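Those protein sequence lines, which keep their order, are chains F, Y and C. Heads up: the first sequence begins at 1 in the working numbering, then just goes up one per residue. Heads up: the second sequence begins at 1 in the working numbering, then just goes up one per residue. Heads up: the third sequence begins at 1 in the working numbering, then just goes up one per residue.
These are computed hints drawn from the structure, not numbers from a lab. Any given hint might turn out to be false.
Claimed, not checked - Listed next, with one range per pair, are the computed distances between beta-carbon atoms:
#, chain 1, residue 1, chain 2, residue 2, range
1, F, Ala113, Y, Asp173, 50 to 56 Å
2, Y, Asp173, F, Leu289, 41 to 47 Å
3, Y, Ser26, C, Lys433, 18 to 24 Å
4, C, Lys44, Y, Gln280, 56 to 62 Å
5, Y, Lys312, C, Asp315, 54 to 60 Å
6, F, Gly270, C, Asn420, 52 to 58 Å
7, C, Lys198, Y, Lys215, 49 to 55 Å
Stated by the list, open to error - To spell it out: a stretch of chain C is covered by chain F in this simulated footprint if at least three of its residues, at any positions, have a beta carbon under 8 Å from a beta carbon of chain F; those stretches are:
#, segment
8, 208–214
9, 250–263
10, 364–375
These figures come from a predicted structure and were not determined experimentally. Positions of the beta carbon are idealized from the N, C-alpha and C atoms, including for glycine.
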Amino acid sequence: MLQVIIALCPALLWSFYQFGLGAIIVTLTSVCACVLFEFLIQKFVLKVTPSICDLSAVLTGLLLAFNVPSNLPIWIIIIGALVAIGIGKMSFGGLGQNIFNPALVGRVFLLVAYPVQMTTWPVEAGYFDVATGATPLALITQMVNGVDGVTLESLGEAFLGSTAGSMGEDSALLLLLGGLYMLYKKTITWEIPVSTLASAFVFACLFYGFEDIPGVSNWSIIMQQFLGGGLFLGAIFMATDYVTSPMNPRSQLIYGVCIGFLTMVIRRYGAYPEGMSFAILIMNAFVPLLNSYVKPKRFGVVKK
Amino acid sequence: MNVILLALGVLGVLGAIGSLVLYFVSKKFYVYEDPRVGQVEEVLPGANCGGCGFPGCHGMADACVKEKDASNSLGSLLCPVGGADCMAKVAGILGVEAGAAEPKLAVVRCNGNLECRPKLSTYDGVKSCAVAASTFAGETGCAFGCLGLGDCVKACTFDAIHMNPATGLPEVDEEKCVACGACAKACPKLVIEIRKKNAAKTPAVKRVWVSCINKDKGAVARKACSSACIGCGKCQKTCKFDAITVVNNVAYIDPEKCKACGMCVAECPTGAIHCTAAVQTVVEKLKAKKAADAAKAKEEAAKKAAEAAAAKAEAAKKAAEDAAAKAVDAVASKVEATKKAAEGAAAKAADVVASKVEATKKAAEGVAAKAADAVASKVEGVAAKATETAAKAAEATAKAAETAAKKVEEVATKVAETVAPKEK
Amino acid sequence: MKTFKLGGVHPAANKLSDKAPIEVAAVPVVVAIPMAQNLGAPSKAIVAKGDKVKVGTPIGEPGGFVSSFVHSSVSGTVDKVDVVEDATGKKVPAVFIKVEGDEWLENIDRSTDIKREITLTKEEIIAKVKEMGIVGMGGATFPTQVKLMPPPTAKPQCVIINAVECEPYLTSDHSLMLAHPEEICIGVQILEKAMGVKKAYIGIEANKPDAIKLMTETAKKGYPEIEVVPLQLKYPQGGEKQLINAVIGAEVPSGGLPIATGALVQNVGTAFAVYEAVQKNKPLIERVVTVTGKSVAKPSNFLARIGVPIQQLIDAAGGIPEDAGKIISGGPMMGKAMPNTNSYMVKGCSGILIMKNDDARRKEASPCIRCAKCVHACPMGLQPNFLAKYAEKNMLDKCEEERIYDCIECGSCSFSCPANRPLLDWIRQGKPKVMGILRARAAEAKAKAEAAKAAAAAK
Numbered sequence: 001m002l003q004v005i006i007a008l009c010p011a012l013l014w015s016f017y018q019f020g021l022g023a024i025i026v027t028l029t030s031v032c033a034c035v036l037f038e039f040l041i042q043k044f045v046l047k048v049t050p051s052i053c054d055l056s057a058v059l060t061g062l063l064l065a066f067n068v069p070s071n072l073p074i075w076i077i078i079i080g081a082l083v084a085i086g087i088g089k090m091s092f093g094g095l096g097q098n099i100f101n102p103a104l105v106g107r108v109f110l111l112v113a114y115p116v117q118m119t120t121w122p123v124e125a126g127y128f129d130v131a132t133g134a135t136p137l138a139l140i141t142q143m144v145n146g147v148d149g150v151t152l153e154s155l156g157e158a159f160l161g162s163t164a165g166s167m168g169e170d171s172a173l174l175l176l177l178g179g180l181y182m183l184y185k186k187t188i189t190w191e192i193p194v195s196t197l198a199s200a201f202v203f204a205c206l207f208y209g210f211e212d213i214p215g216v217s218n219w220s221i222i223m224q225q226f227l228g229g230g231l232f233l234g235a236i237f238m239a240t241d242y243v244t245s246p247m248n249p250r251s252q253l254i255y256g257v258c259i260g261f262l263t264m265v266i267r268r269y270g271a272y273p274e275g276m277s278f279a280i281l282i283m284n285a286f287v288p289l290l291n292s293y294v295k296p297k298r299f300g301v302v303k304k
Numbered sequence: 001m002n003v004i005l006l007a008l009g010v011l012g013v014l015g016a017i018g019s020l021v022l023y024f025v026s027k028k029f030y031v032y033e034d035p036r037v038g039q040v041e042e043v044l045p046g047a048n049c050g051g052c053g054f055p056g057c058h059g060m061a062d063a064c065v066k067e068k069d070a071s072n073s074l075g076s077l078l079c080p081v082g083g084a085d086c087m088a089k090v091a092g093i094l095g096v097e098a099g100a101a102e103p104k105l106a107v108v109r110c111n112g113n114l115e116c117r118p119k120l121s122t123y124d125g126v127k128s129c130a131v132a133a134s135t136f137a138g139e140t141g142c143a144f145g146c147l148g149l150g151d152c153v154k155a156c157t158f159d160a161i162h163m164n165p166a167t168g169l170p171e172v173d174e175e176k177c178v179a180c181g182a183c184a185k186a187c188p189k190l191v192i193e194i195r196k197k198n199a200a201k202t203p204a205v206k207r208v209w210v211s212c213i214n215k216d217k218g219a220v221a222r223k224a225c226s227s228a229c230i231g232c233g234k235c236q237k238t239c240k241f242d243a244i245t246v247v248n249n250v251a252y253i254d255p256e257k258c259k260a261c262g263m264c265v266a267e268c269p270t271g272a273i274h275c276t277a278a279v280q281t282v283v284e285k286l287k288a289k290k291a292a293d294a295a296k297a298k299e300e301a302a303k304k305a306a307e308a309a310a311a312k313a314e315a316a317k318k319a320a321e322d323a324a325a326k327a328v329d330a331v332a333s334k335v336e337a338t339k340k341a342a343e344g345a346a347a348k349a350a351d352v353v354a355s356k357v358e359a360t361k362k363a364a365e366g367v368a369a370k371a372a373d374a375v376a377s378k379v380e381g382v383a384a385k386a387t388e389t390a391a392k393a394a395e396a397t398a399k400a401a402e403t404a405a406k407k408v409e410e411v412a413t414k415v416a417e418t419v420a421p422k423e424k
Numbered sequence: 001m002k003t004f005k006l007g008g009v010h011p012a013a014n015k016l017s018d019k020a021p022i023e024v025a026a027v028p029v030v031v032a033i034p035m036a037q038n039l040g041a042p043s044k045a046i047v048a049k050g051d052k053v054k055v056g057t058p059i060g061e062p063g064g065f066v067s068s069f070v071h072s073s074v075s076g077t078v079d080k081v082d083v084v085e086d087a088t089g090k091k092v093p094a095v096f097i098k099v100e101g102d103e104w105l106e107n108i109d110r111s112t113d114i115k116r117e118i119t120l121t122k123e124e125i126i127a128k129v130k131e132m133g134i135v136g137m138g139g140a141t142f143p144t145q146v147k148l149m150p151p152p153t154a155k156p157q158c159v160i161i162n163a164v165e166c167e168p169y170l171t172s173d174h175s176l177m178l179a180h181p182e183e184i185c186i187g188v189q190i191l192e193k194a195m196g197v198k199k200a201y202i203g204i205e206a207n208k209p210d211a212i213k214l215m216t217e218t219a220k221k222g223y224p225e226i227e228v229v230p231l232q233l234k235y236p237q238g239g240e241k242q243l244i245n246a247v248i249g250a251e252v253p254s255g256g257l258p259i260a261t262g263a264l265v266q267n268v269g270t271a272f273a274v275y276e277a278v279q280k281n282k283p284l285i286e287r288v289v290t291v292t293g294k295s296v297a298k299p300s301n302f303l304a305r306i307g308v309p310i311q312q313l314i315d316a317a318g319g320i321p322e323d324a325g326k327i328i329s330g331g332p333m334m335g336k337a338m339p340n341t342n343s344y345m346v347k348g349c350s351g352i353l354i355m356k357n358d359d360a361r362r363k364e365a366s367p368c369i370r371c372a373k374c375v376h377a378c379p380m381g382l383q384p385n386f387l388a389k390y391a392e393k394n395m396l397d398k399c400e401e402e403r404i405y406d407c408i409e410c411g412s413c414s415f416s417c418p419a420n421r422p423l424l425d426w427i428r429q430g431k432p433k434v435m436g437i438l439r440a441r442a443a444e445a446k447a448k449a450e451a452a453k454a455a456a457a458a459k
């Protein structure tokens, strides 16, 4: 857990710089609420020894913060934390037992319950009365659906991170750095991030590469799709969550490919501009099936 | 309005189609089941514990019906949860006689608690008896006894067996135990046995069992646990009902033959045979009687011993006295003999001397009258000396005899003295 | 550098005694030689109280096909045939001998001259190996003569010598190679002759550079068909299947014997014992054992007679240190923790490790978070977290589905689990149950097939 939190720090610090007070408030609230709820639920409802020292609640809080706008009202964040920990984690039996990624459960719940607040993205630092704008993905959706007069930021900004969006959508570069750190520390293995990103790229090309969209090159759209949204955050930090991902390399590859595919399908053909959270949650539901039917490479099994 | 009607219509049609499908499927995939099975299942407890040995109450109901058809009875089928009442109901439904089954109980056959079976090493692994049993021979010197990690407790679904932290051994709750056998199966050392709950026909629960399964030789077993069965066989000898066998250095009481009289419990030197409270009172009485008998026997033995000692002392005294008397006699006769011999010798000497004196006197008279006086006086002197010496000799021998006699007296008194303290 | 492909972990090597030369341990006053020192049936004692024995006198004969001879390691009088505690505290039969002098049987060649010419035929070698009580010295103690007689379907290609010693702390094979490189090579040649092959490999892990150099030079000088293969450090490289995969790249088929790949694997200590048996007529009566531990005063490699009390060897290395937690027969990964030091030296004990209390104590287990570290570590490609869960819940059909019978019980899973879950402990509960079911199924199938055959023949 600690290694994952460390790997998130570069992106976190950058988002503090990008979104200022908002990022700080949202992160603090989310982390504190998650830890508090885990402690209270474990101590008083489940009546077991609270295990907040394993830092899993802190990580859930961070990831939840990374998934919401940095000017989200505090009370909504707290509700999100309650849902993430209480429903997404504790109701399944606590650490190691949950089927769905708790941060994403919280995030999706908030998205559906408070769609307005969850889709107004700040474009500047601050918390109170900040200017908001559409994320690049939202813009692309509009463009693809034929809305006129929409322009996109440059690719450089998308990669480095100065677009509108949640903290986690911001800097693909820093998230990638975090991912490389985790690979070096052997916290995660390469199968899921690589397969997710590769698959997402391929399907982005397939879905966005052949249409003629006025005002922007196909390549630009594909790269924006690839670098924008929660793809990097999801592929590196959320899909690789131990508890909710498959256990052996073969099934992990299948898992990653499907997530990439589903993300792009939802983005292109679904009603939401961002599909990563749903894609991951859908694939989480398939993980027990993958674990049962896709076995690791066995030693000494003769292939006939 | 049209929309509502349309919605109702569509849903109604869908519902009708659905129910038709369900109806045909239920007919096509219908599995015939004997209606009696359902009836029997109704009266079974519904706990699906598997204590009867069948998969759930439905399995038991099925078995009951099959058994009835096969043998027109319920055979040995018993629902341990429902008990005899339940089986009577089942019998009623199926129209057979209910058999009377002996109530049974799980019995823990180990009494090596923390005090009498000391731990010699510490187990730091998974808290499961199965894992510990396959890892090593146990924390104590007894490789057969209870490991104390509670696999039996985990296996019990009736809350009938619990670990006693003071003894480190499991204890069975007689009220809750239904003798389903789960704990016996779970125990890797086979310590738990399902035995008859009450060996006697009385309402008071009487049960006797050997609480040890240690197959090591007696000395080894005793060293590991002070209340182990050492296979001495005293219980086997005591049992009037031929219920006890000693195999592999451990005794076993056959629950079918045992009448719970308690005699073996009283006999067991290590306390390895345990019994219920009802038997314990009998055992106490037996033990008390045994103790009293033993005390009596001790007293008598002591008495006998005292008597024998006294008799011995008497005999010794007598023997000493006889010996002393004999010694005194012997000495006295010896003194007499020496006295006589001395007198004789003195007399002889005196005679010889006298005759010699006479002879010399005569010779002297005859030969020389001159020297007669001198010779006579000399002779007289010699004679006087001779008689003196003879007298001295006689005195000396008499003294010697006296001293000898004295010494003999001393010896006799000493002997008497030494015999006397022995008498005391 | 070569290594096996699937799984593996990297425990700290802690080879504290790798510079210690072999010391001959003193002969005690009384020895107790257990009758069950091999895999398979225990041996049967053939001596009784009062019998006089010399070093090398047979005292136990095989109790079955997969069994071996046991010889006296001392000269003296048999005191009794009674029980002793083995390394796990279980009581096993053993022959107690009161030691008188150190007389060896006349036909044993005690000289240190290296006898290079192999005069025995293949059959004679196998018979000699059986007669001299040679078993696998790596710890499995499989009777060597049985391994040298593979089923007729096997086609032997090469001999692979296991000098890997992947268990941390143990250095008995290492010190043996440094002391007797040529004897080992001759032993390998004897094994080649027994199997009828013309190629041999000696696999040595890279943390023994002196042994690699010495063995390579020795092989170059006179034994060109022997190839020394340095291997990358990884546990459990010393496992037979993993070693074959590392050296020749083949995988032993699941449920099959290693000889199916054409390779006969023997421990380097076994090769040395084979040399002594065939060339010097010396039965297996002593072996090199490492006594070691972080707090042990003098980590050593002793040449100890079979039947020596373990306590004596520990005392010779400085005694049990103050902070001792566990005394382990074998290495820290697959060894057995001893409840006391009442046991005696046996053929398969390659090391006595005294672990510090802090190192030895287990940590509290936390829930499985399906991190899959165990899956990545398993050298057999299994999913230990599932196996342990199924075994604990006695779901034997799922255990079978997950191939619990392929498990080599190396302990890599328990070692790598960050939640300190006792994975191998539970797998060890389920594996024998599943293997029993498989055996019963095979026996039933065989019986059915025979019955069908008989019925067909009757028609």
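Here is how each hint holds up against the structure:
1. F:Ala113 x Y:Asp173: 50 to 56 Å: Because 52 Å falls inside the window, the suggested range holds.
2. Y:Asp173 x F:Leu289: 41 to 47 Å: holds, 44 Å
3. Y:Ser26 x C:Lys433: 18 to 24 Å: violated, 40 Å
4. C:Lys44 x Y:Gln280: 56 to 62 Å: Since Lys44 of chain C and Gln280 of chain Y have Cβ atoms about 48 Å apart, the given range 56 to 62 Å is violated.
5. Y:Lys312 x C:Asp315: 54 to 60 Å: holds, 58 Å
6. F:Gly270 x C:Asn420: 52 to 58 Å: violated, 43 Å
7. C:Lys198 x Y:Lys215: 49 to 55 Å: holds, 54 Å
8. 208–214: violated (count 0)
9. 250–263: holds (count 5)
10. 364–375: holds (count 8)
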